[in-house]
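Novice: Single-letter residue listing:
There are 2 protein chains.
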Amino acid sequence: MALGEFDLIKRYFAPLAEASSDASVALGVGDDCAILNCPEGHQLVVSIDSLVEGTHFLQDTPADQLASRLFGAAVSDLAAMGAKPAWITLALTLPQANELWLERFSQKLGQLCLQYGISLIGGDTTKGPLSLTAQVHGFVPVGKALKRSGAQKGDLICVSGRLGDSRGGLEGLLNGFPDSRGVEYLSERFFAPSPRVELGLALTDKASAAIDISDGLLSDLSHILKASGAADEPLGARLQLEALPLSEELVSCFGEDQARQWALSGGEDFELCFTLPAEHLPTLHNLPEAIAVIGKITDDADIRLYDRGQECALSGAGYDHFKNPG
Amino acid sequence: MALGEFDLIKRYFAPLAEASSDASVALGVGDDCAILNCPEGHQLVVSIDSLVEGTHFLQDTPADQLASRLFGAAVSDLAAMGAKPAWITLALTLPQANELWLERFSQKLGQLCLQYGISLIGGDTTKGPLSLTAQVHGFVPVGKALKRSGAQKGDLICVSGRLGDSRGGLEGLLNGFPDSRGVEYLSERFFAPSPRVELGLALTDKASAAIDISDGLLSDLSHILKASGAADEPLGARLQLEALPLSEELVSCFGEDQARQWALSGGEDFELCFTLPAEHLPTLHNLPEAIAVIGKITDDADIRLYDRGQECALSGAGYDHFKNPG
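Chains G and Z, in that order, are what the protein sequence lines are. Residue 326 is where the first sequence ends in my numbering, and the numbering goes up by one at each step. Residue 326 is where the second sequence ends in my numbering, and the numbering goes up by one at each step.
It is possible that some hints are incorrect.
[Said to hold, decoys possible] Examples of chain Z residues toward chain G, derived with CB under 7 Å: (1) Ile35; (2) Leu36; (3) Leu44; (4) Asp49; (5) Lys108; (6) Asp124; (7) Ala278; (8) Glu279; (9) His280.
These are calculated hints, taken from the structure and not from any lab test. These figures come from a predicted structure and were not determined experimentally. Ideal Cβ positions, reconstructed from N, Cα and C, are used throughout, including at glycine.
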């Protein structure tokens with residue numbers, strides 16, 4: 001690289017690390033390792049995620065959008081555990097040290113770190129095909145993490161926010177938006193997901209299981225069912241299609257049927273899907289995000305979809321509205 | 001990928017994670033985050049490193065050699081802090097899910113994890129140009145980490161093991177080994193560096209500063225000088241070339257002069273370079289690795305090289321044996 005690794009870190013990332021006056025960081029960027037203080041009475045939770053050009057994003061995606069997606073996807077995993085975010089490390093592989101790119105990337109990352117109370121504590125920069133890896137670190141009081149396991153028959157199935165928007169944003173960006181009303185909102189939901197950290201914290205001691213919606217509701221819910229059920233006592237779910245929270249923008253652009261399909265299987269919404277013993281529902285006051293009750297855990301060993309009481313066939317990653325189940 | 005991400009993790013990496021019965025891991029691979037217990041009275045130290053095809057290794061490098069290099073380079077950063085290794089996370093970007101590759105990689109990684117007492121606690125697998133990122137985590141008693149800062153005028157400069165071998169191994173692999181005696185040993189030093197974890201632990205409370213030799217002795221030593229000195233009180237070093245520890249294999253293959261050049265600037269030896277108040281030298285008994293005293297910290301603001309008392313000119317990343325300094 002024209003700009004050496006040391007210069008690059010010094011110019012773009014060290015100031016960002018120094019901007020935080022986080023007492024938990026005894027030593028940040030600049031030594032062989034960062035040195036960190038873990039709060040007593042807490043467990044550390046960590047998750048690592050990569051974004052790769054050509055797989056997760058198109059060439060020439062603006063650097064600030066990459067920073068938002070990387071950060072959002074990674075921090076969303078902390079939200080799904082009910083964890084308080086603490087630190088982030090970054091491994092950047094770049095074809096060249098493009099200063100404008102680095103400035104836009106580091107500026108957006110810095111904004112997000114400030115917003116979510118996260119300190120950049122270390123990283124590695126290497127030359128090669130563009131890819132970005134982030135590890136996020138957070139804390140939960142001992143034994144209080146929300147896991148995928150823990151859901152029980154009869155628990156309500158809930159989701160935050162509105163589903164399918166990220167997939168709609170991607171569709172519009174690739175093939176054009178049929179309706180201009182959705183352009184800004186849906187693009188933003190694709191590029192800049194909002195990890196539901198505050199909601200995750202509010203669900204501690206309430207939710208029986210939680211996951212963030214990264215692969216699509218059906219796929220992520222099935223992870224909860226698998227982790228919560230046992231071989232001899234499998235769990236299933238009954239979902240009410242009419243209860244899926246959809247944005248006006250998504251419906252006006254792509255129609256209700258398509259919107260529902262994407263809400264079920266679109267992925268990358270980075271909303272939370274969680275299960276809740278019914279008696280806890282009235283205790284959820286003043287949540288930082290809207291939530292919707294979309295179904296119930298069953299002992300069916302399957303996910304079944306209903307539209308106003310009428311069962312729909314589940315086909316592949318979506319459902320067929322007009323066919324009766326076989 | 002032919003093999004889905006979930007199957008891939010389940011088949012190759014989950015068993016590896018489960019193999020460890022590490023009580024510090026409350027929940028390993030398989031949820032949104034790993035859940036971890038940090039030991040009381042300790043600080044967490046972390047480092048993230050990437051290896052990228054075409055930049056750090058050639059196409060078709062065997063998977064077990066990649067596992068060794070990735071692991072060695074990453075854990076070496078823990079050694080340089082005097083930390084006890086604990087956990088590793090892994091972000092793998094693979095062009096395809098080659099089962100033989102995955103088996104060789106995960107098997108070698110598993111061996112190394114077992115050897116160094118490290119648990120695999122999480123990861124991400126994505127499709128794209130081959131690159132491997134690892135984050136390592138370790139612990140030091142509060143305030144006991146070895147840093148790059150802390151060296152003082154008069155401190156001895158020491159290194160572990162023998163230097164230049166990794167560069168010699170690379171040279172031989174690229175252009176052939178002039179002498180068959182070095183083939184096995186030097187290739188191994190390139191592909192499978194041995195992080196000096198036990199030595200790092202033994203240097204706690206003794207060494208005034210430490211770094212691992214990844215960029216080359218001169219470059220890494222200059223990091224110590226920079227971190228330890230101040231703008232108005234810069235530090236320098238005086239190195240005795242004849243004291244540089246060289247392997248017989250390296251000298252027999254490439255000659256003493258070339259061996260010294262590589263010892264100074266070859267990089268990727270992953271030995272430790274550390275500074276030591278002279279009074280501590282006699283207290284270093286039964287070290288797990290051989291160490292050599294190669295020089296002394298000065299207030300010169302420069303690194304000066306001497307060969308049997310005669311100063312040599314330092315040119316670029318090496319030195320010129322026959323020229324007197326200007």
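Novice: Let me make sure I understand: some of the numbered hints might not hold for this structure. Which ones are they, in numerical order?
Specialist: Checked against the structure, the hints that fail are numbers 5, 7, 8, 9, while the rest are satisfied.
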